[in-house]
Every structure is written in structure tokens, then in C-alpha cells.
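A.B. asks: This is what each chain is made of:
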Amino acid sequence: MATKTVAFEIKRQANPDAPAVWEKFELEWRPGMNVVSAMMEIAANPVTADGRQTTPVTYDSNCLEEICGSCAMRINGKARMACSALIDNLEQPIRLEPLSKFPLVRDLQVDRSVLFENLKAVKAWVPVDGTYDLGSGPRVFPQQQEVNYPLSNCISCTCCMEVCPQFNEETGFVGAATIAQVKLFNNHPTGAVLKEERLRALAGDGGIQECGFAQNCVEACPKQIPLTKAISDVGRDVLVQKAKDWLRG
Amino acid sequence: MATVQQPAAHTVRRGVQPLRAGQGTSFIWRKLHSLLGIVPIGAFLLEHLLSNFEALKGPAAYGAQVKFLNSLPLVRVLEWVFIFLPILYHAGYGVYIWLRGKSNVVYYPWAGNWMYVAQRYTGLIAFVYILQHVIRQRFMGISLPENPYAAFAKVQHELANPWILAFYVIAMIAICWHFAYGVWLFAAKWGITPGVTARKRFGYVCAVLGVVLAVGGLASIWAFVGGKYPNAPENVPVSSLTVPANAGGVSI
Chain A
1 MATKTVAFEI KRQANPDAPA VWEKFELEWR PGMNVVSAMM EIAANPVTAD
51 GRQTTPVTYD SNCLEEICGS CAMRINGKAR MACSALIDNL EQPIRLEPLS
101 KFPLVRDLQV DRSVLFENLK AVKAWVPVDG TYDLGSGPRV FPQQQEVNYP
151 LSNCISCTCC MEVCPQFNEE TGFVGAATIA QVKLFNNHPT GAVLKEERLR
201 ALAGDGGIQE CGFAQNCVEA CPKQIPLTKA ISDVGRDVLV QKAKDWLRG
Chain B
1 MATVQQPAAH TVRRGVQPLR AGQGTSFIWR KLHSLLGIVP IGAFLLEHLL
51 SNFEALKGPA AYGAQVKFLN SLPLVRVLEW VFIFLPILYH AGYGVYIWLR
101 GKSNVVYYPW AGNWMYVAQR YTGLIAFVYI LQHVIRQRFM GISLPENPYA
151 AFAKVQHELA NPWILAFYVI AMIAICWHFA YGVWLFAAKW GITPGVTARK
201 RFGYVCAVLG VVLAVGGLAS IWAFVGGKYP NAPENVPVSS LTVPANAGGV
251 SI
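Chains as they are written, first to last, in the numbering used here: chain A, 1 to 249; chain B, 1 to 252.
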């Protein structure tokens, strides 16, 4: 009985300045295998399809259940999570490339710290640190919780930024994920203390105005976060905040 | 000695720069671009398409409409402040927006992504069209502000060239598309229609708006080339316009 195999083409790059090369791999098919498990197999036996010894493929991953956001990459041209990309659902050869909008570290690993910087720039947190016990926070009604919960599902995978035509070095656009987190933390009764600062931050260069509403973000989001709704809501809030600032200033 | 190694503060060196929180003026320029597309440019488009409809009633009615518009107070100021300058800014900044975007519709052929691209191409068609339209119809040939009743013949002569006619038809569709989707984008981005269902419903409204405007616009182009008013007089004689008291109207 002939063994069923799975063909991969992986874009390799030893370091940010090294030339990119494509390597082909062929693995034995296993039931339920996904892109991350396939790369684990390559790591266990890093030999290309033409029998040449190579290095294990470098990539980010952690939870393997689409909850940590680490393993985003371009699979057959589209940004998505490698752990939830089941081999049986993919056209072969399966082409793996690193995300294109972030500085490359090695192979499929990129530096996505721009998202972390953006979250810091909009103060995406609830400020409760202090020198004494603040007591319990205000009550959040279930209706509000229903709105907030999907936003809290963001795993910082940066797929929304990768697929966005406006997220690039020319615009320095902040991206959908950060805008959705602004909505989440502005909705929080204690987090709302920083609401005005967050909205003013988002009106800076590279802010929410750079959105072109191509809506790729919401299509690509592996967590089905209502990103376009967040952009629309926050867009209105930023505008109202700016108008207030101009009239009161 | 157990010393805690402090990790070096991480700075992004390569790639997309982080948000310049609260800095710069791009917000106001981008929002101005967005608003100008609705008022005055969109409002003017509606006025222009409605005025064009007078052409269906013939050269005299069309000339009367041109005369009326040119009799508005401070009309030369109005046309620069509410038409020419806003369109120049909207177009210039629009090209700037286009150049800074990085279309990826090849990899992500989704409806919204196609519309994103279409909005840029229709905008460019609109701008090229409007430039030649204003130069040739407003600033070249017989001056319509002084000779409003020459308007019908001037347009008819222009449309006698099949290439120009084709350009007018394409531009009419492109402009109505650009405006209708622009209204939809405005509602989405200014937070008027945040909900998915609301955006979908408003999408139908805008689609109907766009189709109605395009069909109406094409109908008024038909008025010039359809043969109902062939060889319109260069300048509708004033004598034929003097309507006797109690007369029902005049037809030329």
C-alpha cells in the first residue's frame, strides 16, 4: 500500500538580511495533522524532499489551539493561524511564508512588537495599580459584557494588520486589533478613566483615520472579532472627542 | 550575585512604525477629505444631475437652467469655494491616499477589498473626466455664463464625438459609483452605521441611490444625442423665449 504524503514548500531565510530560498518537504500523511504538527515532524527529521539535510524551520507557536496568537503565517498566500490550518483542508503543495508586513527574524518567525507598541500607545489596560485597595469595581451589566466579550477574544495574532491594505510603512496605520482594544477598555467602567486619552491617541498620525474600510480585517480574524463594528464605533468616538477638544480648547 | 537582568527597552526599528499617539495633523486632513466628498461635492453632483434633467425638455429649458444657476448671488465665488477648490482638494488628497495604500486584492479577493480598489479607480476616472469637462465646457469655447442659452448646442457638439461620448458614459457610471459607495463609506467610518446589519441595509440604499443617479445621468446624456433635438441652435434666440402672458409654454 502506497503511503499518502503531504507536500510543503516553505520560504526559508536564515536571518533578516539573508536571501530567501524555497525548500520542499514531503511528509507522511497522518489523520488530523495541521501545519504546526507538520513542522514539528520536519524539526524531528529536517530533510528536504530531495533528501538534503537542512535546519528545522523556525516559527512561533505555543498553545496549538488558536488561543495564544503566536503561529500566524501566510499559508497558501493567506494570513492565518498555522495550528488551526488542517492539512486535509489545504491545497497542496502547501506554501508557507512569513507574514509580509513585519520585520523578519528567521524563516517563518517575524517581529510583531509593533502591535505591543500600539497597545501601549493607546493605554490598552485598566489602571488599577495603586498604594491602597481600591475595592471592587463597578458592576458591568450583562448586556455590556455581551459586547465586550468578543473584543476580549483578541489573541494579538496580527492577521488583521497583515491583510490590511492600509497597514504598511507609508501610513504607519495602527491596525484593527488596537482599535478594537480601545473600544474594549473604553467600555470598561474603570478603564474608561483613560477614554479621552485613548481617543486622542487614535487621532494621531497613523491613527484610525487611515482605515480604508476594505474590511479585510474582519474577514481574516481567526476569532471572529467584530472589527469593522469596533472601527466604526471608535471612529465616531474619536471624532466626537476631537470636536469637543476643538470647541473647548 | 543574583542580579535581575533588566531587558533592554524594546524599540521597533524595522517595519511599520507604531502609532504616533496624538501627534500630527493627518486626522483633520483625512476627515476633511471625507466630509468634502459629501458636502459640497456630493451635494453639487446631485444639483448637477438634476439640472442636466432639464436637457430632456429641450434647449430652451436647459438654457434657462444654466441662466438660473449663473444668476445666483456671488456665483463665481460659489463655484470656486464650493466646487472647484473642494474637488481639487478631494482629488489631490485622494490620490495621496491611493499612493500610500497597498492593495492586496490578488491575495484577498473579498467584496470589501474589491470595493476599496474600485473606489480608487472610479475616483481617478472621475478626476480626469472632471478636469477635461471643466476646462472644455467652462473655460473653453463659448462662455456659458454670458451665453447660457448656448449651453445645449455646446454640449451637443461635444458629444458628437463618439470617443468623448463614450468617456462621458463611463465617467457618469464611475462618478455615481464613487459617490454612492462614498456615502456608504462615510456612514461606516463616521460611526453612523456601526452594525453589520445596518451597514448591509444602508448598502442597499446606497446601491439604489447609485443606480438611480447613473440611470438619470445617462438619460440626460441621451437628451443630447438621442435625436429628439438634432442640430440645436448655437444660441437659442431670445425672441423665441418671450412667452406671452397666459401662454402654456414654449417649445423649440
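Please keep in mind that the hints were generated in silico from the structure rather than gathered at the bench.
Cβ atoms here follow ideal geometry from the backbone N, Cα and C, with glycine treated the same way.
Incorrect hints may appear among the rest.
Derived BS3-like pairs: lysine-lysine, alpha-carbon spacing no greater than 30 Å straight-line [claimed, not checked]:
| no. | chain 1 | residue 1 | chain 2 | residue 2 |
| --- | --- | --- | --- | --- |
| 1 | A | K195 | A | K244 |
| 2 | B | K57 | A | K242 |
| 3 | A | K223 | B | K200 |
| 4 | A | K244 | A | K78 |
| 5 | B | K31 | B | K102 |
| 6 | B | K31 | A | K244 |
| 7 | A | K11 | B | K102 |
| 8 | A | K123 | A | K244 |
| 9 | B | K67 | A | K78 |
| 10 | A | K123 | A | K11 |
| 11 | B | K67 | A | K242 |
| 12 | A | K120 | B | K31 |
| 13 | A | K242 | B | K200 |
| 14 | B | K67 | B | K200 |
| 15 | B | K102 | A | K120 |
| 16 | A | K223 | B | K57 |
| 17 | A | K123 | B | K31 |
| 18 | B | K31 | A | K195 |
| 19 | B | K102 | A | K78 |
| 20 | B | K102 | A | K123 |
Stretch-level coverage of chain B by chain A, calculated; a stretch enters the list once three of its residues show a Cβ under 8 Å from a Cβ in chain A [said to hold, decoys possible]:
| no. | stretch |
| --- | --- |
| 21 | 89-103 |
| 22 | 186-199 |
A.B. asks: Now look at each hint and say whether the structure bears it out.
C.D. replies: Consistency of the hints with the structure:
1. A:K195 / A:K244: 13 Å, holds
2. B:K57 / A:K242: The hint is violated at about 48 Å.
3. A:K223 / B:K200: OK: A:K223 and B:K200 at ~21 Å, within 30 Å.
4. A:K244 / A:K78: Distance ~41 Å between A:K244 and A:K78 Cα, so the pair is violated.
5. B:K31 / B:K102: 20 Å, holds
6. B:K31 / A:K244: 15 Å, holds
7. A:K11 / B:K102: With Cα atoms ~22 Å apart, A:K11 and B:K102 stay inside 30 Å; holds.
8. A:K123 / A:K244: Measuring from Cα to Cα gives roughly 21 Å; hence the hint holds.
9. B:K67 / A:K78: 57 Å, violated
10. A:K123 / A:K11: Distance ~36 Å between A:K123 and A:K11 Cα, so the pair is violated.
11. B:K67 / A:K242: Not OK: B:K67 and A:K242 at ~42 Å, beyond 30 Å, violated.
12. A:K120 / B:K31: Distance ~25 Å between A:K120 and B:K31 Cα, so the pair holds.
13. A:K242 / B:K200: The hint holds at about 28 Å.
14. B:K67 / B:K200: Violated - the C-alpha atoms of B:K200 and B:K67 are around 41 Å apart, more than 30 Å.
15. B:K102 / A:K120: 26 Å, holds
16. A:K223 / B:K57: Given pair A:K223, B:K57 is violated - Cα atoms ~58 Å apart, limit 30 Å.
17. A:K123 / B:K31: 24 Å, holds
18. B:K31 / A:K195: Measuring from Cα to Cα gives roughly 21 Å; hence the hint holds.
19. B:K102 / A:K78: 15 Å, holds
20. B:K102 / A:K123: 28 Å, holds
21. 89-103: holds (count 6)
22. 186-199: With 10 residues close enough to chain A, the hint holds.
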